[in-house]
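Let's have the full structure, built from the sequences with the hints guiding it.
There are 2 protein chains.
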Amino acid sequence: MSEPRLLPVVDGAPRVRRDAVRNRTALLEACERLVERCGLDGVTMDAVAAEAGVGKGTVFRRFGSREGLMAAMLDHTETEWQASVISGPPPLGPGAPPWDRLLAFGHSRIEMTLLHADLIRHAGRAGMRSYAAYSFAAMHVRYLLTELGVSGDLPLLATALMAPLEASVLDQQVRVEGIDVERVYHGWVDLARRVVANPPRIGA
Amino acid sequence: MSEPRLLPVVDGAPRVRRDAVRNRTALLEACERLVERCGLDGVTMDAVAAEAGVGKGTVFRRFGSREGLMAAMLDHTETEWQASVISGPPPLGPGAPPWDRLLAFGHSRIEMTLLHADLIRHAGRAGMRSYAAYSFAAMHVRYLLTELGVSGDLPLLATALMAPLEASVLDQQVRVEGIDVERVYHGWVDLARRVVANPPRIGA
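Protein sequence lines, in the order shown, are assigned to chains D and U. The first sequence runs 1 to 204 under UniProt numbering. The second sequence runs 1 to 204 under UniProt numbering.
Hints are computed from structural coordinates only; laboratory data are not their basis. There's no promise every hint is true.
Said to hold, decoys possible - Computed far set for chain D versus chain U, every beta-carbon distance over 12 Å:
#1 Glu32
#2 Gly55
#3 Phe60
#4 Gln82
To be verified - Reference listing, derived: stretches of chain D covered by chain U, where coverage requires no fewer than 3 residues with Cβ under 8 Å from a Cβ of chain U:
#5 145 to 156
#6 165 to 172
#7 191 to 197
Every value quoted in this text rests on a predicted model; they were computed, and no experiment measured them. Each residue gets a CB set at the ideal place from its N, CA and C atoms; glycine is no exception.
Printed below as a string of structure tokens:
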């Protein structure tokens, strides 16, 4: 009988964590393939297990529930998007003029958010906007507004540019009101132009 | 033994409906008094029943659950706000210049939404933004933008002005980030000024 281990074995833990990350990624990629093939309704814990070639118990242990899986997918795609902003090709990534990067930001946010609006709905409360994810995007917009020489209350102007890209707002425009996505994008570009072009005046 | 009534008696029904509306309003006003005295945590079905002087069963029959009560409170305050916009005193109501009405709109929305952010949280899914309530506010903003001579895609510009006033966005700014409410308001005024002042150009 071995002694109970209350602390991870130093040499063993990193491998375990690497394996866990790899397994998690494999499950999320299986999930992505299912979404592409069958839409979100085709994503069941059984189907993900079968697609990834693991037992259903593994999927439940990893994500807790279908909602947990949806929330994990949301994080996964957000993380991939962040990587594109930090080190992907321009104009979303570094190397393009700030105005082009801002437009690429808006376009990619609309695309990603709409693509995953279903995911957000399916994730329920577990898929509520992550503050960390929001912060990253807000910081990026603030940075671009600074680069563009916009003065004023930049955190609030960044919020103003991000708020119309929230899933709830976009979802309502496109799904409920039937507004064309291109029109939504052009509306956002118009907003961005008004925010960037007009010098700020303080106070009401 | 009377025959079952499948249709309401013409003379009787209006009175029944009037009574129902009056009872509902009385319960919601009892709820408002409780919120003022004890905050939202003090609002239980028992407390509302006691405050309104009715049985607990009446409160449950009317609202189904505490979440249902919270959602009803949300509708109630939204309806009162709409009445102020339609026929209340200026500058929120008719009779003031459109720019003053727009500022009063923003200020009252921020105030109401923050005051009831807790309510929205407590209402859970049942308190999700009502599309009808959103539509009313969006129509009002579109109307004011028209009056102000703003050209461009007014429905989308109205959305852009309303999105930063969504409960989730305001709640995050004020509760999570600790931004002062006055600063949020001035930021919104700055946004409105940029939207209104800058003539639109179409396309990216």
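Hint-by-hint comparison with the structure:
Distance check for D:Glu32 against chain U: the nearest CB is about 27 Å away, which clears 12 Å, and the non-interface claim stands. Here D:Gly55 stays apart from chain U, with its beta-carbon at least about 33 Å from theirs, past the 12 Å limit. No Cβ of chain U approaches the Cβ of D:Phe60 within 12 Å, the least distance being about 24 Å, so the stated non-interface status holds. The Cβ of D:Gln82 lies farther than 12 Å from every Cβ of chain U, with a closest approach of about 19 Å, so its non-interface assignment holds.
Counting residues of the stretch 145 to 156 of chain D whose C-beta lies closer than 8 Å to any C-beta of chain U gives 4; at least three are required, and the coverage claim holds. Coverage of the stretch 165 to 172 of chain D by chain U holds in this model, with 4 residues showing a Cβ closer than 8 Å to a Cβ of that chain against a need of three. Under a criterion of three residues with beta carbons nearer than 8 Å to beta carbons of chain U, the stated coverage of the stretch 191 to 197 of chain D is upheld, 5 such residues being counted.
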